[in-house]
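In this text, residue positions in the sequence shown follow numbering that gives the first Met the number 0: the first is 0, and each later residue adds one.
Certain hints may be false.
[Unchecked claim] For each label pair, taking beta carbons as the anchor points, the in silico distance ranges come out as:
1) I282 - T310: 39 to 45 angstroms
2) M303 - D219: 38 to 44 angstroms
3) V143 - P257: 29 to 35 angstroms
4) Q210 - T310: 55 to 61 angstroms
5) K87 - T242: 32 to 38 angstroms
6) Y231 - D268: 25 to 31 angstroms
[Unchecked claim] Derived pair list, reagent style DMTMM-like, types lysine to aspartate or glutamate, alpha-carbon separation capped at 25 angstroms:
7) K102 - E112
8) K87 - E185
9) K87 - D202
Calculated from the structure, these hints are not laboratory results.
Computed from a predicted model, the values in this text were never measured in an experiment.
For glycine and all other residues, C-beta sits at the position ideal for the given N, C-alpha and C.
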Amino acid sequence: MATIAPSIVPDNHTNSPASVPTPVNKADAVVPTVIDTPPASHKHSTTTTSSTTTTVNGTPVTVTKTTSSSDSIPVVTKTTNSKNFVYKSRNVKFEEDPSDYLKVSAESLIYWEHPKKSGIVFGGCMTVLILTQYYSLLQLIAGVFTLSTGINWIFVNTHKQGQRFLSGKPADKLTNPHSARLANKETYIARDRVLHVTRLFLDVVEEITQQITKLVLIEDNWRSAVSLVISYMVWTLAKFVSTKYLLGVFVVSAFTFPRLYLQNQDLVDAHVARQSKQARIVIDKYGQIVNEKAKEVMVQVSGMIKKKTVTETEKKAN
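Given these sequences and hints, build the entire structure.
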């Protein structure tokens with residue numbers, strides 16, 4: 000938006016006795032000052048100021064001209080294409096396929112399908128590892144029993160004394176606040192629950208045994224090679240790092256990396272494919288060199304063997 004502010008040219012004839020208009024050069028009389036005001040937007044303003052001096056009726060007048068130009072600056076909006084990843088596990092029943100059920104349940108935990116459930120399992124595992132780092136298992140069991148029994152002893156006796164002093168009940172009429180639980184004749188451990196847990200435990204052991212057998216007997220060459228490398232790394236690290244620290248790293252990795260991988264699967268797969276391609280090129284390049292060198296060595300060894308055989312034959316003939 001341009002605002003034109005005309006410059007005021009002093010008139011020296013206002014006080015003259017004769018009001019005779021004096022011709023004034025049009026170019027020198029009024030020189031407008033143009034001020035361009037850029038609108039309130041993402042623009043870059045450039046202001047140029049120039050001054051000129053003119054003479055009007057013998058009086059020097061300085062005229063200042065200010066121009067402003069604005070160039071629009073493009074606003075770059077960065078759009079992050081983030082995948083709103085929601086993991087949904089398959090519906091598998093334990094009775095139909097126990098091994099597949101265990102696999103799906105483990106994936107549901109490490110992929111955080113149900114954040115509350117995964118958080119409880121993850122927090123429980125880390126809590127047990129941290130506590131067993133400073134206390135033995137016997138100390139933990141005894142501590143839990145001591146705290147629970149001591150707190151209940153104080154609660155029950157406080158409740159009974161309150162009945163005696165506040166309600167005026169005799170000693171034989173005082174009731175235990177846990178009397179309903181103590182009068183319950185039902186079993187605390189359901190038999191069907193025990194059978195289910197026992198079968199689940201046996202299926203877990205069976206599945207682990209089958210997978211280890213497949214790895215040891217080299218059912219899949221690549222999986223066995225990866226397992227061999229991991230086992231050797233664990234074997235080496237166990238000499239210098241505590242087992243609890245290794246278990247802690249394993250738990251954190253199991254609940255972190257699979258979820259991160261699935262959320263950024265496209266990026267990770269592209270990077271792995273690019274690196275694998277470069278690795279294959281290097282392997283092919285140097286593999287050919289190694290093969291050629293091996294052939295040369297084999298030729299040299301064969302020549303040496305033949306030469307030695309001929310020499311021994313000649314010695315025997317002589």
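Consistency of the hints with the structure:
Distance hint for I282 and T310: a CB-CB separation of about 41 angstroms, consistent with the stated range 39 to 45 angstroms. Against the hinted window of 38 to 44 angstroms, the Cβ-Cβ separation of M303 and D219 comes to about 41 angstroms, which satisfies the hint. Between V143 and P257 the Cβ separation comes to about 33 angstroms, which falls inside the hinted range of 29 to 35 angstroms. Checked against the given bound of 55 to 61 angstroms, the beta carbons of Q210 and T310, roughly 57 angstroms apart, stay inside it.
Separated by about 35 angstroms at the C-beta atoms, K87 and T242 satisfy the suggested range of 32 to 38 angstroms. Evaluation of the 25 to 31 angstroms hint for Y231 and D268 yields a pass: the beta carbon distance comes to about 27 angstroms. Between K102 and E112 the CA atoms are separated by roughly 14 angstroms; this keeps the pair inside 25 angstroms, and the hint holds. Of the supplied pair hints, the one linking K87 and E185 is violated, its CA atoms being roughly 38 angstroms apart against a limit of 25 angstroms.
Pair hint K87 plus D202 holds up; C-alpha atoms about 24 angstroms apart against a cutoff of 25 angstroms.
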